[in-house]
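Chemist: Going down the list, the sequences are from chains A and B.
Convert by adding 1304 to the 1-based position in the first sequence; the result is the number in the working numbering.
Convert by adding 1304 to the 1-based position in the second sequence; the result is the number in the working numbering.
Derived by calculation from the structure, the hints in this document are not laboratory data.
Every residue, glycine too, gets a C-beta built ideally from N, C-alpha and C.
Worth double-checking, as some hints may not be accurate.
Unchecked claim - No more than 30 angstroms apart at the CA atoms, straight line, and that leaves these computed lysine-lysine pairs for DSBU-like:
id, chain 1, residue 1, chain 2, residue 2
1, B, Lys1323, A, Lys1641
2, B, Lys1424, A, Lys1939
3, A, Lys1333, A, Lys1392
4, A, Lys1939, B, Lys1955
5, B, Lys1875, A, Lys1939
6, B, Lys1525, B, Lys1445
7, B, Lys2000, B, Lys1575
Claimed, not checked - Not everything, but these chain A residues come out facing chain B in the computed CB check (under 10 angstroms):
id, residue
8, Gly1468
9, Glu1647
10, Val1813
Number of protein chains: 2
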Amino acid sequence: MLDPLFKPRAVAIVGASTKELSIGNVIIKNLQAFGYQGNIYPIHPSAPEVRGLKAYKTLAEVPGDVDLAHIIIPSKQVPQVIEECGLKGIRAAIINSAGFSEMGAEGAQLQEDFLINARKYDVRIFGPNCQGIINTDPALKAYCNFTFTFPEPGAISVVALSGGVGAVIMQALADLGVGMRMYASNGNASDISIPEILRYWGKDDGCRAIILYTEGFSDPKEFLEVATEIAALKPVLAMKAGRTEQGAKAASSHTGSLAGVDIATELIFEKTGILSFEDEEDMVRAAMAFATQPIPAGNRVGIITNTGGPAVIATDVFGASGMDVPKLSEKSISKLKETQLPEAALENPIDVVATAGGPQFRAAMDVMLDEESVDSIFINFVTAPFTDTHAVAREIVAVGALGRKPIVCNFMTDLTQERFQETRRILKDGGIPCYANPTAAAKALAALARYGRLERRDIGQPETFPGIDPGKAASILEQATAAGRTILSAGEVYGIFEAYGIPVAPWRVVADADRAMVAAKEIGYPVVVKVDAADLDHKSDLGGVAINLRDEEAVRAAVGDMQTRLGGSRKLNFLVQKFLPGGRELIIGASASRGLGHLVMFGLGGIYVEVLKDVAFKIVPVTRVEAEEMIASIKTAALLDGLRGGKGVDKQAVVDLIQRVSQLLTDLPLIQEMDLNPVMAFEDGAFAVDGRIRIKK
Amino acid sequence: MLDPLFKPRAVAIVGASTKELSIGNVIIKNLQAFGYQGNIYPIHPSAPEVRGLKAYKTLAEVPGDVDLAHIIIPSKQVPQVIEECGLKGIRAAIINSAGFSEMGAEGAQLQEDFLINARKYDVRIFGPNCQGIINTDPALKAYCNFTFTFPEPGAISVVALSGGVGAVIMQALADLGVGMRMYASNGNASDISIPEILRYWGKDDGCRAIILYTEGFSDPKEFLEVATEIAALKPVLAMKAGRTEQGAKAASSHTGSLAGVDIATELIFEKTGILSFEDEEDMVRAAMAFATQPIPAGNRVGIITNTGGPAVIATDVFGASGMDVPKLSEKSISKLKETQLPEAALENPIDVVATAGGPQFRAAMDVMLDEESVDSIFINFVTAPFTDTHAVAREIVAVGALGRKPIVCNFMTDLTQERFQETRRILKDGGIPCYANPTAAAKALAALARYGRLERRDIGQPETFPGIDPGKAASILEQATAAGRTILSAGEVYGIFEAYGIPVAPWRVVADADRAMVAAKEIGYPVVVKVDAADLDHKSDLGGVAINLRDEEAVRAAVGDMQTRLGGSRKLNFLVQKFLPGGRELIIGASASRGLGHLVMFGLGGIYVEVLKDVAFKIVPVTRVEAEEMIASIKTAALLDGLRGGKGVDKQAVVDLIQRVSQLLTDLPLIQEMDLNPVMAFEDGAFAVDGRIRIKK
């Protein structure tokens, strides 16, 4: 349990300082200024007191029990101090000091050293090279942190790998007037990890939603497990930086832990139902809506506006976010006719016009509440100086208090004017999320609706197919490993595919032209002949593939030619396979992902993969719903449907194929890379017609 | 000239009111509160004074000269009052009242009526159904507007069709502490148009950049001309709402002037070098950077940060915006080694670390100033409480004052604390654009760089091709018009193409099978035969196209079959054309755009257009540079290059073809729609192999 860290009854500051502008002073100042309810014990080698508090020379001298120690001393002394913490019975330490794993081998050794002591004495470590934690609980008020934003109590908890981004997020919440529950920024994360913190907050009833900033995870599997657990309990809003090549490079130099663009984290977000963002400001603004509003039951928005243009902008945002601004029913329109000003526009958006007061706004909101085609309400409210803006605000709050449908308000005003400050206060105290421009407000409502879709989505469990022969597949891999090969032969690849019921075009592996002709006859013409040698990787480019061979003569010629050109005196093997023309070329690929099992890729073959990079990824195991999502999510998905009246491909066969691949990968972790390229998909089936498997050395 | 509107020496308020919450009172209050330097004359039927000012019963009674009248009276009385304005010698009127063209036929008639009087007496009209103008010039201080934001003087002027969006923009500028020069929101725009205002501001030396919000233009050609003129003088930052189907519908119900998604406005932005935005907040934030910073010479950013994560986020934004965060030179790195703290990361981003003070920041900025591979400087500055934040701010300001490279600052702080307010004041007074989070700041710098690209781009002049026969093309159109046809026959289409030197596959139009065989022989086999009848529009679906005919027998059979099936007793014509297999299928289309001439479309044919909607548009006339941009801008552009070592298509031939189409459309405004579909492109040429032209009735 992380109680000693997040709910410390007493805190010792090892490295307390009498100098105003030093971290060892600022932390004590912050605890005092925030109103910490526990005891603060400065540890200082000589000063009798620090910031008015009695100081102690060592931890051992501290008279009372201590839950948490802040450690702000040179890194070399840290292992020793951790031992002292243990001896004092301290259960958690925030190591603010830098100079550990982020600084090369010597620092990494120091980190190892203090961890040994920490395990020995059961001291949990937060950091090192970190900011700290905050707990705004009015009964505790723990500001164990050297940053500067003093949050109000609230229901949103924030965890950020980077202290800088954590500070930005906390400040943005404060600027919006949104309270915060707990905060954590754990730097090098040598012991207490973000997943562990998430799990702790999952059980915290005071936490209604979580904001997460990360640049990747050292143990993605752990994060996947925790995310699955926590995302089912409460909304998690997350941002993963380093999503571009350049950004990944910057992140890598920052954390030292990653290389290349990491797509796995985003895939974990998607799989587990974490709401992902690309813009930290969008994320924080969305969190404000999550803090008070219910989740909309669907994507349909009713817009009420007292000025035209901002409603157009909001409608654009909704249009681009897959949301609807539906027509209102006749019943609604006739109610509006009775209640609105003559200049009002009685459509969706309802333009109540600038002169509308409380009654007109209320009547329009009542219509939206009762309108069956509307799931959420978006309000554009410009504080026209000639209207009773307080009355309008009170009506919005009254409707919000009903909790029937989520409300988000684009509140356009000048907050330097006292009158409008009061209008704003009415809205804020009433829990109405307010934003200063239409795009920001509409994006926040769109995020609520997007979360609603995630919440309603059930990806189900991975299917287990009957009649599969994992033993056969495993023994093929063993054989290859025993022979020291990492690339499997065509025969081995097809053998593994068949063991998992992956439909392949009928095939034989043969050693010469005579046997190739026999095999072709058994399979039936036309056939393809491919050279089958693990060391000839790009068979097609080398002229090692001959397609659409229609008779014995053609087969003999193809085999003879390949043997001469590619084999020379070395005897080659050949794969003879049924030629299947006319289908849609697909590609299914897989690769092992560091610490996470495998990722599966789906796309259309040929130029669509090569030029358009139009592919979808999922983490193994892939469920039926996820396989369907993969197929639907590529930009060229419409090509799988019939074009110009033709029939489409057998999508269920492709879904089945993706799931069998998923099961195969789950069973065979030795596989590093696998391609089914191409898969040929027809009206009534889909077949792997070429494959490649690379296994671990 | 719009001086009487924007620089009024005296203002009369027709419809002045003694009621606090009425527009006729608020406007006077605003003029007073803003410190208007001219005379204010309330016009009121009975009150002796309004807001402490002597009131007059009629305009005629006003003792002094009046430049501008605010009109806030029922719409029916407006035509009469405009006449009174004219008689009084008033040169401009802001009609705030609603109840005109936005309210149906009766209102439209009233609008016509007051315009007749306005023209008669030479009174320029602003509005009706509008907010008004603001001029912050300290010598004038004209707040002729009923909204509520009181801007500081500055260098940015704002024009917005929608008063609501105008208010949002003005407020956002004020919230950012950015001054404003002039403001205009002209509602129904019955007389003074946004283009006219832009032209006026183009000549205003006090205006450094313009913000424009629009939902489309009633006269796009006028806007195109003015935009060309103004965008060459100063940055114009613009947003066009109604960009989605739903948004366009909302805009249409709001302005009554548009239907469907209008792409022409965006194309005008692009053609003329106006910087386009989709988010009003991004636009205003970018304007803050334009207000003080020079335009970067290129896309390469040097990042200086005192906290890691925000630099990663910024780098992601730069990566996604086509900007570079280049490696620093050895020289730069060795300078950094001498000047930075031991924990600093001496790369790009330079992480000076949280404990860095003024000297470290200054040294890092000096390196970026001298680094040849860097065009602009991005600073992440979190106000660590243990550093001298004022000193850091002063160094940033000092470097900014050099004006050598643009600087944008992500300034992460808590502005409720006095100490940080002062740091912020130093930055703001020093003209450093500051933003509260990394994405916002990086987007603003990216907008500066995007504008730099626009500024450096020269689209050149449209080419005029020699040997063109416009007379022949015109006479073909005349013939069709005379015959009452709007769809041209294949022969006519190819005739027009040939008149403009558009390469077409060799062709003949014939009346029967015998002549078809003769034609095929002359052209050379293989050929295509198509039925040529304007009323059979979807020839291909009807079986009216036979391709790859290799001999006389095949031609005879095809013609006979089509005559029987599609003609019956009616004699059909047939187009015999050279069959050109193996090229890349392209499509070039054109359509007349309301009030703007033609738009040209380019894309890859077949599924790429049908499924991927992967097309590019430009406004005619299209220059060589624009034609090259069209080809490069489609997502599937790589398909035009050689794949897997093959040769690509002859892009210069396609560029030439697009320009010839452009010249054709410039000369023949009668054309409503034209398709060259497909164009077959080869290594050494491109040919229109089917075409369609529809002309105006």
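Chemist: Hint by hint, note whether the structure agrees.
Modeler: Going down the list of hints, with the structure as the test:
no. : hint                  : verdict
1   : B:Lys1323 x A:Lys1641 : 28 angstroms, holds
2   : B:Lys1424 x A:Lys1939 : 59 angstroms, violated
3   : A:Lys1333 x A:Lys1392 : 24 angstroms, holds
4   : A:Lys1939 x B:Lys1955 : 26 angstroms, holds
5   : B:Lys1875 x A:Lys1939 : 46 angstroms, violated
6   : B:Lys1525 x B:Lys1445 : 34 angstroms, violated
7   : B:Lys2000 x B:Lys1575 : 26 angstroms, holds
8   : Gly1468               : 3 angstroms, holds
9   : Glu1647               : 6 angstroms, holds
10  : Val1813               : 27 angstroms, violated
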